[in-house]
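Undergrad: So the sequence shown is numbered by the UniProt record's numbering: it starts at 1 and just counts up by one.
By construction, these hints were calculated from the structure, which means they are not laboratory data. Any given hint could be a false lead.
[Stated by the list, open to error] With a straight-line cut-off of 20 Å between C-alpha atoms, the simulated EDC-like cross-links for lysine to aspartate or glutamate are: (1) 260 x 132; (2) 344 x 88; (3) 260 x 575; (4) 125 x 115; (5) 344 x 113; (6) 344 x 86; (7) 337 x 88; (8) 260 x 583.
[Claimed, not checked] Listed next, with one range per pair, are the computed distances between beta-carbon atoms: (9) 112 x 617: 14 to 22 Å; (10) 490 x 297: 36 to 44 Å; (11) 477 x 311: 39 to 47 Å.
From the three backbone atoms N, C-alpha and C, an ideal C-beta is built for every residue, glycine too.
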Amino acid sequence: MPETNNNSASIAATTDEKSGAQYDEDLFANSSSSSSVNNKPAKEVSEMESMNSEAQREQGETGNILSQYTEEQVMVMGRNYARRHDLDEDFFARAAALARAPNAFNSMPFISETEKQGLYLESTKKWHIPIELWKVIAVGAVSAAVQGVDESVVSGATLFYPKNFGVTEMKNADLLEGLINGAPYLCASCIACWTSDLWNRNLGRKWTIFWTCAISAATCIWQGFVNNWWHLFLARFFLGFGIGVKSATVPAYAAECTPKHVRGALVMLWQFFTAVGIMFGYVFCLAFYYVPNRGFDTGLNWRLMLGSACIPAFVVLFQVPFVPESPRWLMGKGRHKEAFESLKKLRHEEIAAARDCFYQYVLLKEEGSLEIPTWKRLIEMFTVRRNRNGAIGAWIVMFMQQFCGINVIAYYASSIFIKAEYSEISALLAAWGFGMINFTFALPAFFTIDKFGRRNLLLFAFPLMGIFLLIAGFGFLIHDRQGQLAMVTTGIYIFSAVYSSSEGPVPFTYSAEAFPLYIRDLGMSWATATCWFFNFILAFTWPRLQNAFTPTGAFGFYAAWNIVGFFLVLWFLPETKNLTLEELDEVFDVPMYKHAVYRTRELWYNLQKYILRRDVTPLPPLYDHQRMAVTNPEWNEKAEVSHIE
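With the hints as constraints, model all of the structure from the sequences given.
TA: Have a look at this one:
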């Protein structure tokens with residue numbers, strides 16, 4: 001936790017308005033580059049503890065930046081903030097006290113009974129959220145579906161356009177096909193994602209989503225009217241501006257509009273509805289398969305497949321004008337009154353809106369994000385160890401989301417099933433089955449991601465995904481047609497089921513948690529650029545890889561990467577489940593080599609205890625916040641983690 005300019009004694013003596021204003025400015029003068037936003041759901045506590053804890057009111061919430069100050073001092077800060085931004089001073093004084101200890105509202109005499117009832121419902125009923133927030137959720141859901149449809153319709157189109165445009169007769173036809181299919185992801189990774197910060201700072205979250213969906217709609221329609229392969233390449237390349245910027249913006253918009261107790265689940269909706277979009281993309285492919293070539297010598301059905309991705313994009317265009325702007329973005333522009341009005345639409349209780357408004361501003365000022373220029377934030381993302389480790393973690397989960405092999409199947413499912421002796425229409429039906437499984441098995445992740453943790457899900461999933469890719473790959477060696485169809489399809493379907501419950505939802509959720517608030521935009525740009533760059537590599541290289549290695553060798557190649565992914569997660573990926581602001585800073589500040597050494601010892605310990613059934617001495621906890629929960633004095637005497645390298 002960063003230090004303030006005043007010591008605790010002088011702060012305690014600060015009661016008058018003038019000194020309170022100075023105290024307020026002293027706190028907000030901090031510009032720590034290593035703090036992070038607490039966007040995790042509150043840890044489970046009993047109703048008695050959360051509703052009736054006078055001690056919590058006195059001490060403040062654990063991990064809360066305001067807990068280092070007394071209730072009276074924080075109320076002075078709230079009045080000063082309200083006065084500066086033309087808001088109700090007494091109301092924001094009460095809200096500031098609530099922001100300091102949000103779960104202790106029942107012991108606060110200045111909170112009315114009506115407000116207490118509303119706050120109780122907010123803390124105990126997870127989905128007790130207002131209609132305006134449901135609208136935000138709907139925008140994020142359909143935006144993700146746009147992404148999914150964009151990704152999967154090319155699977156059906158690939159059966160037709162290479163022949164119609166003569167691509168199959170050209171030199172290096174397999175690489176050219178991969179280049180056309182991967183064009184959006186080339187643009188997204190190399191250009192579009194890195195412009196996300198510029199789009200968001202100038203247009204705001206919701207209008208960035210609006211214009212990127214407009215680009216998606218326009219380029220999808222453009223794909224339906226191309227007359228040669230390079231024209232199709234250009235249309236798909238510019239589609240990348242819609243894909244890249246939107247994928248970095250929507251999760252951030254959802255995180256900034258939602259209360260923390262549902263934030264993780266709503267950020268995860270991105271991947272879930274991407275899976276829904278992928279499934280509907282295959283539906284569109286099936287729907288247009290038999291369309292005759294009327295008016296187009298080079299085919300009409302595949303044009304309708306590619307153009308159909310504009311449908312969900314148009315839905316978003318009609319949704320966006322009716323949702324509120326991100327409060328965090330409005331604060332960054334100095335529009336605090338508008339930010340409060342936005343939050344009032346996104347919370348049932350006005351006192352909860354004021355609480356979140358005040359605390360969000362405290363975090364923004366503490367992070368120094370209103371003053372630090374973009375170039376300096378970009379440098380600090382890699383030079384500050386806490387930030388760098390977060391970037392490494394985000395890189396690992398995004399890289400492995402691609403190199404686990406899932407999008408090879410998403411983009412080339414129809415072609416893969418045809419190589420397994422399916423007919424074209426049967427291959428499209430099998431691809432639709434893959435999309436249905438991808439969508440259906442994303443549902444359990446809503447419960448498992450917070451119950452078992454991000455890291456444990458990945459450690460469990462990667463070996464299984466490797467095994468089932470090998471099963472699918474070896475299925476191509478079976479000479480009996482029915483046996484080949486059964487083994488290839490079973491391997492692909494079970495692989496998809498495991499992926500959808502683990503590596504599917506984790507990357508965007510983890511990336512949204514890994515970065516401090518002041519570099520979140522750049523951090524998400526880094527994460528999504530990683531995702532789309534390796535997405536392009538997969539789409540570009542798969543046709544050549546399949547021809548060179550045969551389908552069996554190509555599937556084996558990505559099965560091996562799943563084993564690599566297991567060790568990357570084991571050694572270099574800290575867990576983020578249910579961690580507070582201070583705990584996230586601490587966890588990501590542990591040097592990576594220490595993390596790798598400890599996790600290797602932990603693996604050996606678990607092997608001896610649970611497999612060999614030996615009586616072994618438990619390892620000391622790696623992190624201070626875990627060490628404080630035990631009584632072993634030898635563990636507690638270990639040196640604290642430092643930001644100094």
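Undergrad: Hint by hint, say whether it matches the structure.
TA: Do the hints match the structure? See the list:
Proposed proximity of residue 260 and residue 132 is supported: the alpha carbons are some 16 Å apart, at most 20 Å. This hinted pair checks out: residue 344 and residue 88 have alpha carbons roughly 14 Å apart, not beyond 20 Å. For the suggested pair residue 260 and residue 575, the alpha carbons sit about 18 Å apart, so the restraint of at most 20 Å is met. Proposed proximity of residue 125 and residue 115 is supported: the alpha carbons are some 15 Å apart, at most 20 Å.
Taken as a hint, the residue 344 and residue 113 pair is honoured in the structure, with Cα atoms around 19 Å apart against an allowance of 20 Å. Restraint check for residue 344 and residue 86: the C-alpha separation of about 16 Å stays at or below 20 Å, so the hint holds. Our distance criterion of 20 Å between C-alpha atoms is met by residue 337 and residue 88, whose separation comes to about 10 Å. A threshold of 20 Å between alpha carbons decides the hint, and for residue 260 with residue 583 the separation of about 16 Å falls inside it, so the pair holds.
Between residue 112 and residue 617 the beta carbons are some 54 Å apart, a value that contradicts the proposed interval 14 to 22 Å. Evaluation of the 36 to 44 Å hint for residue 490 and residue 297 yields a pass: the beta carbon distance comes to about 40 Å. Between residue 477 and residue 311 the C-beta distance comes to about 40 Å, which sits within the given range of 39 to 47 Å.
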